[in-house]
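Chains as they are written, first to last, in the working numbering: chain C, 1 to 331; chain V, 1 to 331; chain H, 1 to 306; chain S, 1 to 306.
Calculated directly from the structure, the hints in this document are not laboratory data.
Errors might be hidden in some of the hints.
To be verified - Over 12 Å on every C-beta distance to chain S, these chain V residues come out as not near it, computed from the model:
(1) Asp90
(2) Lys98
(3) Arg121
Claimed, not checked - Dumping the calculated DSS-like pairs for lysine-lysine here, alpha-carbon to alpha-carbon at most 27 Å:
(4) H:Lys177 x S:Lys126
(5) H:Lys126 x H:Lys177
(6) S:Lys125 x C:Lys41
(7) S:Lys177 x C:Lys38
(8) V:Lys41 x S:Lys219
(9) S:Lys177 x H:Lys126
(10) S:Lys186 x S:Lys219
(11) S:Lys238 x H:Lys177
(12) H:Lys219 x S:Lys238
(13) V:Lys173 x V:Lys330
(14) S:Lys177 x H:Lys177
(15) H:Lys186 x S:Lys238
(16) S:Lys219 x H:Lys238
(17) S:Lys238 x S:Lys125
(18) S:Lys126 x C:Lys309
(19) H:Lys126 x H:Lys254
(20) H:Lys126 x C:Lys38
(21) V:Lys41 x H:Lys219
(22) H:Lys219 x C:Lys41
(23) H:Lys125 x V:Lys38
(24) S:Lys126 x C:Lys41
(25) H:Lys238 x S:Lys238
(26) V:Lys173 x H:Lys254
(27) H:Lys238 x C:Lys41
(28) S:Lys126 x V:Lys38
Owing to the predicted nature of the structure, the values given are computational and were not obtained by experimental measurement.
Backbone N, C-alpha and C define an ideal beta-carbon position, used for all residues, glycine too.
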Amino acid sequence: MTGILQALNDGLRHSLEASAAVYLLGEDILDPYGGAFKVVKGLSSDYPDRVITTPVSEAGIVGVSVGMALRGLRPVAEIMFGDFLMLAADQLMNHAAKFRWMSNDQVRVPIVVRTPMGGYRGYGPTHSQTLEKHVLGTAGLRVLAANTLVNPGTVLSRAILEDDDPVLFVEHKLLYPQMMFSAGSEFESHQLRGRYPWSILRIAGAPRADITLATYGYMAEIGREVMVRLAYEREIFVEMVVPTQLSPFRLDPLMESAGRTGRVLVLEEGTLNLGWGAELAARLLETLDQDIQFRRVAARNMPVAAAAKLEQHVLPQEDDIFSAALTLMKP
Amino acid sequence: MTGILQALNDGLRHSLEASAAVYLLGEDILDPYGGAFKVVKGLSSDYPDRVITTPVSEAGIVGVSVGMALRGLRPVAEIMFGDFLMLAADQLMNHAAKFRWMSNDQVRVPIVVRTPMGGYRGYGPTHSQTLEKHVLGTAGLRVLAANTLVNPGTVLSRAILEDDDPVLFVEHKLLYPQMMFSAGSEFESHQLRGRYPWSILRIAGAPRADITLATYGYMAEIGREVMVRLAYEREIFVEMVVPTQLSPFRLDPLMESAGRTGRVLVLEEGTLNLGWGAELAARLLETLDQDIQFRRVAARNMPVAAAAKLEQHVLPQEDDIFSAALTLMKP
Amino acid sequence: MKSTPADSFRLMLQIRRFEERVLELFPRGLFYGTTHTYIGQEANAVGVLHWLEESDIVVSNHRCHGHFLAYGGSMHGLASELMGRTTGICAGRGGSQHIQWRNFYANGILGGTVPLAVGMALAVKKQSQGSVVFSFMGDGTLGEGVVYESLNMASLWELPVFFVLENNRYAQSTPIKLHLAGEIAKRFEAFGIRTMHIDSTDVDLIRNTSEELITSVRKAAGPRALIIDTYRFAPHSKGDDVRDLEEIEQFRRKDPLQLQAAKLNPTTVEELETEVMEQVEQAFSTAQQDPVADAGAVTAAMDETA
Amino acid sequence: MKSTPADSFRLMLQIRRFEERVLELFPRGLFYGTTHTYIGQEANAVGVLHWLEESDIVVSNHRCHGHFLAYGGSMHGLASELMGRTTGICAGRGGSQHIQWRNFYANGILGGTVPLAVGMALAVKKQSQGSVVFSFMGDGTLGEGVVYESLNMASLWELPVFFVLENNRYAQSTPIKLHLAGEIAKRFEAFGIRTMHIDSTDVDLIRNTSEELITSVRKAAGPRALIIDTYRFAPHSKGDDVRDLEEIEQFRRKDPLQLQAAKLNPTTVEELETEVMEQVEQAFSTAQQDPVADAGAVTAAMDETA
Ligand SMILES: Cc1ncc(C[n+]2csc(CCOP(=O)(O)OP(=O)(O)O)c2C)c(N)n1
Ligand SMILES: Cc1ncc(C[n+]2csc(CCOP(=O)(O)OP(=O)(O)O)c2C)c(N)n1
Ligand SMILES: [Mg+2]
Ligand SMILES: [Mg+2]
């Protein structure tokens, strides 16, 4: 079984190996340190010319990457914490995402910006956020989120090697120590093909699902726990539908699942308002004729506190999801 | 009749007059130039010590404003074009919006950041955007949008003088030359009280509305035109519901209207995906029991082109809204 | 040396007449949007880009027409872009501030293009291409933080980038004394970047001064910067000028075109005037007859498939 | 002069023992999250903040414990904050990097606090308050663009801000030669800010060197900067140290506490050790018994009414 940290590291290594155009940039990414979360560990030793440690300059790092990409390279930038992404927001939105289209398709910007979002670690208000919702829906920028259901190393190397558009690749601090999911006897797992595959997870041998659980990234780990509890404690069967690509929004598998179950539970770690699931709601309302029960579980509308119990209060917990599912089942 | 530019200028002047704590900061805001869009014209002559022209440093301007606010002042920062807001995104999200809560409410950050969004002027991809959707749903940050239905000068001066939380105040380049709306004989207009009032607009003497038009800011101008066309050409009656506050999301008047009409048409100038209206969709799905027909009209998922016809293709037009309304009415 | 004094004059004149035409046509509704003309600053781009080699890269800013024409861009392509024609360099998508052609790039976000230039220089260095990246910016752009992030990396990694700082003494309406503290040259030197500073509108002097700096950059000696004190004669964009008329008049006495014309035979000057006026006419009239860019050729901002 | 050499020693010792306690308790699970200790750099905050007056303001960063204690913050309040107790300075909301108390402010976004400090200095100046704003940052933070936007405004507007650049020669794991080009002092001087640079861990020297600079700031002469070459003895945060052991050892020979202890009577040193150890014990044991911060006292991030 592969761990996620290793899978990501493998994905980067594979990319460096496969193409001389691939470069890694980021703060503190040289060995022996190997990056704050060790995702790039070992790579600077093996590719010293193509792993470039940078000053503490998030906007600059992304801007430099865009420049490299415009000149034929395929840079991968690491932003140490997702919380710092907003420092590079202008570079992402007004440069990376625009050059292709505004140049009348004369150029491409194949960069990947990797960054770990997320809390549950007590790092406090500026080191625990889930901020990707703020860049979703940007024309010209793809946003992916790693999860354990689809090898994130494979996804990452596809984004690096095959995708000619800029990609924000969202990781999660708590994903790193996880193992790749294997369905075992408890689950049935199903992947939809594509460069950035979807996963659909069901309890093995379960009847038709009652609820569609729409979630992504690390939240799928929590979602999985709750699926089991709901099945065994309440005989409520959940179908968890997990995209790898968050933006552009291509939500067909979710719409289909929602059509089957009639109930949608969205789970997100960011604050609730105008999160990824809101676009799902809009699409459901726009396109489905049938009645849909819909609930969201997400962070409370406040910063992520440092203290354990407070952080717990702010971020979504298993119990919140469990009760939301029960509410959804009420006639 | 007051023009919007004048109303905003009056609101700033009133604020400067009312409180010695009020300061204006921004690029090129001194007389005789008076700011790129002239909103601050005349104020530096009358309040030379409190109108401070800055270097071209958007992040710095917002950061300096946060610092001033933390020390008891009430700064108002102008970002010349809304397109440049992302340069200050970190200051808005990780500083302005967080200090109050993360200090355990020991401090407040009463800043107002004003900026004109919007296209229809041929300014091209980096000077025509509607980017506020990217900061909506930020805990601790209020986002307001000026419109002609509620005196934007009054709203602005309330934000400056009365609001102790950080406010992003969204203007629009095409709003400046508009006149304050007056209902005349054609419309019935209705305001909901509050610091940041809602407006509800109906065609005078119209029967029960068929459609709720949910929109804000400059789009309400276009919405109004379409209301008239729909009423006179098709006898379709629209109730336009316009919030001044976009975030935090307090959508009750919209939910009520939607409950009455059963049909919601969202109109936004930004790109469609995960725009303001998506949160409305989520709330509708979460809370309304009845069947709702829902459509959104927004910019296409691409940058705003410079060329007139291309820009027109990208940005929402009257006809798009008109046809969306017709679609909504289909049984 | 590629060009004679007459060549430089011709190029400056092309820029000048082109830009004058733009300002003249704007009120007539032939364009849409806005523009920032290069009138008065022609000697900078023409002088510096004299040393341009085929594989070199130019990263420009909002005031890009002059850079573009000096780079070798076509007047017709630019005129079409401004008029929103399908024949525009970016088929009307970009407009005045957002142009891209061969190794020429511009964007309307001040400062935002400077890290791009540094990244391009990194690509050049890593691929051992020996090209020089020319990065143009104005005095006002020194307000943007990302510029310093870029200078640091350029110097730290000894990248082949040549920073050209056109100090026209204003950021939009704001005189330099109200937006810039300290000395411009030191802003670059603080990052270990060798910098020269000249106050001149003489294209030959600018060309000669930049030669040695550009040669060092090309020899992989790391970044260099040239600060050129200059002046724009026209408004910041269209009609928004609040500068002192006497000040403008004074600087007009150092008009780079007049300086250069004085070095030439008056008949040559006259001939060049005629030649260039025709070219400009031709560019705009052709552009005006070109098809208007419309939704027909619109593509997606990206590959949307998942 | 407010303090004796023994006072400075005591304060440095408080910081040292407090921080050692933090590092010791971390693996025992008493805290949650992360921390950045000030061990080795104590002389900076203690030396510089010697000149602190009541209405002065301190703007700190991720490595804020030492600044906070030197500012006069309580060990108990800080220990409680780190342990997530209701008695924490911010009742557990902020944690190690985000503390706020009286005129002391910190945030965990590198560089982001520098414009805040400048804005505070602008408020001071406009309100004629005569206070000094102390703005602390590290060498690595010079990578952030907003720092330069801030230096420019501070200098342009002649604001009463004193920049203290603690150069501990590393940004996290990255040695300065890999993250910084040119010279640190010039980064400030480029903006017309008078700057001094010392390489010392002697608290008395730091105090004396900063006196004149701070006095000028207080006299409204505009911003000043002091660069202090220093070293941290402990890891960047908890266990993440990849520096050369010999290098650490070498710098340990210039331990500011030892330097200062050598100036004191050994009995005084011993007495102070006992006194401080007790204070630290007390702070942590009280904190540990304080109520755990939970959802009970949670308020909204803002007034949500429309
Ligand atoms: C990020 C950003 N902020 C502000 C502007 C608006 N703006 C356009 S040009 C300009 C002044 C630029 O001054 P300078 O860099 O000296 O160039 P110049 O116009 O003098 O050539 C400003 C403020 C912008 N385009 N981008
Ligand atoms: C904007 C931002 N980028 C990156 C980080 C992660 N980070 C925390 S401390 C640090 C190194 C800071 O170096 P320096 O400024 O020299 O301070 P020191 O830690 O040495 O005291 C980094 C990169 C951060 N907190 N904020
Ligand atoms: Mg200028
Ligand atoms: Mg350091």
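Now the hints, each set against the structure:
Its closest Cβ contact with chain S, about 6 Å, brings aspartate 90 (chain V) to no more than 12 Å, contrary to its assignment away from the interface. Against chain S, the non-interface label of lysine 98 (chain V) is violated: not every CB pair exceeds 12 Å, the least being about 8 Å. For arginine 121 (chain V), the shortest C-beta to C-beta distance to chain S comes to about 28 Å, beyond the 12 Å cut-off, and the non-interface label holds. For the hint pairing lysine 177 (chain H) with lysine 126 (chain S), the CA-to-CA distance comes to about 20 Å; that is within 27 Å, so the pair holds.
Among the hinted pairs, lysine 126 (chain H) with lysine 177 (chain H) is inconsistent with the structure: their alpha-carbon atoms are about 40 Å apart, more than 27 Å. Distance hint between lysine 125 (chain S) and lysine 41 (chain C) is unfulfilled; the C-alpha atoms sit about 49 Å from each other, more than 27 Å. Between lysine 177 (chain S) and lysine 38 (chain C) the alpha-carbon distance is near 22 Å, which keeps this suggested pair within the 27 Å criterion. Under the criterion of a C-alpha separation no larger than 27 Å, the hint pairing lysine 41 (chain V) with lysine 219 (chain S) is inconsistent with the structure, at around 34 Å.
The hinted pair formed by lysine 177 (chain S) and lysine 126 (chain H) meets the criterion: a straight-line CA distance of about 20 Å does not exceed 27 Å. Distance hint between lysine 186 (chain S) and lysine 219 (chain S) is fulfilled; the C-alpha atoms sit about 24 Å from each other, no more than 27 Å. Simply put, lysine 238 (chain S) and lysine 177 (chain H) have alpha-carbon atoms about 46 Å apart, too far for the 27 Å limit, and the pair is violated. For the given pair, lysine 219 (chain H) sits about 44 Å from lysine 238 (chain S) by alpha-carbon distance, which is inconsistent with the 27 Å threshold.
Of the pairs offered as hints, the one joining lysine 173 (chain V) and lysine 330 (chain V) is violated, with about 35 Å between alpha carbons and a cut-off of 27 Å exceeded. A threshold of 27 Å between alpha carbons decides the hint, and for lysine 177 (chain S) with lysine 177 (chain H) the separation of about 34 Å lies outside it, so the pair is violated. This hinted pair does not check out: lysine 186 (chain H) and lysine 238 (chain S) have alpha carbons roughly 38 Å apart, beyond 27 Å. The straight-line distance between the Cα atoms of lysine 219 (chain S) and lysine 238 (chain H) is roughly 44 Å, outside the 27 Å bound, and the hint therefore fails.
Between lysine 238 (chain S) and lysine 125 (chain S), the direct Cα distance comes to roughly 40 Å. Violation of the 27 Å bound is thereby established for this hinted pair. For the given pair, lysine 126 (chain S) sits about 42 Å from lysine 309 (chain C) by alpha-carbon distance, which is inconsistent with the 27 Å threshold. For the proposed pair lysine 126 (chain H) and lysine 254 (chain H), the alpha carbon gap of about 42 Å is over 27 Å, so the pair is violated. A hinted pair counts as satisfied when its Cα atoms are at most 27 Å apart, and lysine 126 (chain H) with lysine 38 (chain C) qualifies at roughly 25 Å.
Restraint check: the Cα-Cα separation between lysine 41 (chain V) and lysine 219 (chain H) comes to about 51 Å, which exceeds 27 Å; the hinted pair is violated. In summary, the hint linking lysine 219 (chain H) to lysine 41 (chain C) is not supported, as the alpha carbons are separated by about 34 Å, beyond the 27 Å threshold. Note on lysine 125 (chain H) and lysine 38 (chain V): the hinted pairing is violated, with a Cα-Cα distance of about 46 Å set against a maximum of 27 Å. With a C-alpha separation of about 50 Å, the suggested pair lysine 126 (chain S) and lysine 41 (chain C) falls outside the 27 Å cut-off, and the hint is violated.
Taken as a hint, the lysine 238 (chain H) and lysine 238 (chain S) pair is broken in the structure, with Cα atoms around 57 Å apart against an allowance of 27 Å. For the given pair, lysine 173 (chain V) sits about 37 Å from lysine 254 (chain H) by alpha-carbon distance, which is inconsistent with the 27 Å threshold. Our distance criterion of 27 Å between C-alpha atoms is broken by lysine 238 (chain H) and lysine 41 (chain C), whose separation comes to about 54 Å. In summary, the hint linking lysine 126 (chain S) to lysine 38 (chain V) is supported, as the alpha carbons are separated by about 25 Å, within the 27 Å threshold.
Violated hints, listed in ascending order, are 1, 2, 5, 6, 8, 11, 12, 13, 14, 15, 16, 17, 18, 19, 21, 22, 23, 24, 25, 26, 27; each of the other numbered hints is respected by the structure.
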